[in-house]
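*Asks:* Residues per chain are reported as follows:
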Amino acid sequence: MGSGRTPSQTIGPFFHDALLDKDRSELVPPDHPEAIRIVGTVYDSAGDPVPDAMVEIWHADRAGRYDHENFSGFGRSDTVDGGSFSFVTVKPGPVAGPDGEMQAPHVMVSVFARGLLKRVVTRIYFPDEGEANASDPVLSFMEDAAFRETLIARDEGDALRFDIRLQGENQTAFFEL
Amino acid sequence: MKEMREQSPGGVVGSRRGDPPYLAPDYVATRLRAPKEPLIILPSTLSDTTGPAYGRAPVGELDNDLTRQHEGEPLGERIIVHGRVTDGDGRPVRGSLIEVWQANAAGRYTHHLDRHPAPLDSNFSGAGRCLTDDEGRYRFVTVKPGAYPWKNHHNAWRPAHIHFSLFGEAFRSRLITQMYFPGDPLFWQDPIFNSVRDEKARQRLISSFDLETTVPEWALAYRFDIVLEGRRATPMEDH
Ligand SMILES: [Fe+3]
Numbered sequence: 010m011g012s013g014r015t016p017s018q019t020i021g022p023f024f025h026d027a028l029l030d031k032d033r034s035e036l037v038p039p040d041h042p043e044a045i046r047i048v049g050t051v052y053d054s055a056g057d058p059v060p061d062a063m064v065e066i067w068h069a070d071r072a073g074r075y076d077h078e079n080f081s082g083f084g085r086s087d088t089v090d091g092g093s094f095s096f097v098t099v100k101p102g103p104v105a106g107p108d109g110e111m112q113a114p115h116v117m118v119s120v121f122a123r124g125l126l127k128r129v130v131t132r133i134y135f136p137d138e139g140e141a142n143a144s145d146p147v148l149s150f151m152e153d154a155a156f157r158e159t160l161i162a163r164d165e166g167d168a169l170r171f172d173i174r175l176q177g178e179n180q181t182a183f184f185e186l
Numbered sequence: 097m098k099e100m101r102e103q104s105p106g107g108v109v110g111s112r113r114g115d116p117p118y119l120a121p122d123y124v125a126t127r128l129r130a131p132k133e134p135l136i137i138l139p140s141t142l143s144d145t146t147g148p149a150y151g152r153a154p155v156g157e158l159d160n161d162l163t164r165q166h167e168g169e170p171l172g173e174r175i176i177v178h179g180r181v182t183d184g185d186g187r188p189v190r191g192s193l194i195e196v197w198q199a200n201a202a203g204r205y206t207h208h209l210d211r212h213p214a215p216l217d218s219n220f221s222g223a224g225r226c227l228t229d230d231e232g233r234y235r236f237v238t239v240k241p242g243a244y245p246w247k248n249h250h251n252a253w254r255p256a257h258i259h260f261s262l263f264g265e266a267f268r269s270r271l272i273t274q275m276y277f278p279g280d281p282l283f284w285q286d287p288i289f290n291s292v293r294d295e296k297a298r299q300r301l302i303s304s305f306d307l308e309t310t311v312p313e314w315a316l317a318y319r320f321d322i323v324l325e326g327r328r329a330t331p332m333e334d335h
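Those protein sequences? They're chains A and B, same order as listed. The numbering used here puts the first sequence at residues 10 to 186. The numbering used here puts the second sequence at residues 97 to 335.
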């Protein structure tokens, strides 16, 4: 308790006009030659979509650098479209990990919603990075293969799908920072 | 990866920071949404010790004055809300974006899903933003929000509050919280306020009346200081 940090409170249901007044879901234009689309749905434990969440992403550029020149690396999406969110961005490069070893390319994710007293934090990893994922320090720490699998997006051809299950069967793995 | 371990979702790490647990059954919406699997403790990496640099984000000159966003002035009690944003070591958080939103003086949000039968105010949208200055200070002018009913339990009313969204210096320091007003008679029955189990931490959500900052013949003032997680993780306490 020493730091006296201000506690978290829920975002509540009425944040859209303040936080999503402008579209921040496209980190690069859709016609960018290296644009990828990441889509997903946020679900509750009953399997119902959560239509009042806000999803934020933060990731490195193609060279593994954060907040570099023209690429901010930050995005925001609502889930008013039946619980689903969507981002257009570029795939990040690998980034150094805690002990200097390389981490597989990944996207940091925060989810805020009514009913979440503090955000949940997760990571999106890429399905075409089998080798890098296998040696990633975070993924390889996770012994439960099914739990680890919740962090890897699914390739749907025109988009990568990353569904987020807040609770219940196949709950997404969440992190404490 | 010797630092990595697992942690129950409502457990000691959350309470170390004074955060509420995910599951607070009196707040009904947490029951279907609170994660229950153990959280994985992430060691610091570049991914979370960096964060979006909002110093470059365009913030309009009047964005921090919620009483001057329309033709006329909103109804209600005009107030100044200000404070300082620091990290856990007391260092100012500079040039950092703060976004706020709130109900109007009658307890009604402009949001299309707010069905509370209280009047809208065409001169009040209830959203603002600003950047902290070199000492971590921020200032908003607004009207005092009203309490509002929310159907969580019989006769449930939210105490008056302003929602705050802060970025701080890193992904790690991101915080969304609510500021309350001193002496609110509705605290005792509000499961969101009371989800913060630690008494001292809970008190940190309440602003203080600030006579020195009031402007005579014009506005009362409240001070709300905010402490964010620093760029690096604070050391674990041993239990
Ligand atoms: Fe509210």
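Hints may be right or wrong, so weigh each one.
[Unchecked claim] Okay, derived cross-link-like pairs now, DSBU-like style, lysine-lysine, Cα gap no bigger than 35 Å in a straight line:
no., chain 1, residue 1, chain 2, residue 2
1, B, Lys132, B, Lys247
2, B, Lys247, A, Lys100
3, A, Lys31, B, Lys247
4, B, Lys296, B, Lys240
5, A, Lys100, B, Lys296
6, B, Lys240, A, Lys100
7, B, Lys296, B, Lys132
8, A, Lys100, A, Lys31
9, B, Lys296, B, Lys247
Don't read these hints as lab results, they were simulated from the structure.
*Asks:* Against this structure, judge whether each hint is valid.
*Replies:* Structure-based check of each hint:
1. B:Lys132 with B:Lys247: Judged against 35 Å, a Cα distance of about 25 Å means the pair holds.
2. B:Lys247 with A:Lys100: violated, 43 Å
3. A:Lys31 with B:Lys247: Distance ~30 Å between Lys31 (chain A) and Lys247 (chain B) Cα, so the pair holds.
4. B:Lys296 with B:Lys240: Within the cut-off at roughly 24 Å; holds.
5. A:Lys100 with B:Lys296: Violated - the C-alpha atoms of Lys296 (chain B) and Lys100 (chain A) are around 43 Å apart, more than 35 Å.
6. B:Lys240 with A:Lys100: violated, 45 Å
7. B:Lys296 with B:Lys132: Given that 35 Å is the threshold and the Cα spacing comes to 26 Å, the pair holds.
8. A:Lys100 with A:Lys31: holds, 23 Å
9. B:Lys296 with B:Lys247: Measuring from Cα to Cα gives roughly 28 Å; hence the hint holds.
Checked against the numbered hints given earlier, this structure breaks hints 2, 5 and 6; the rest are met.
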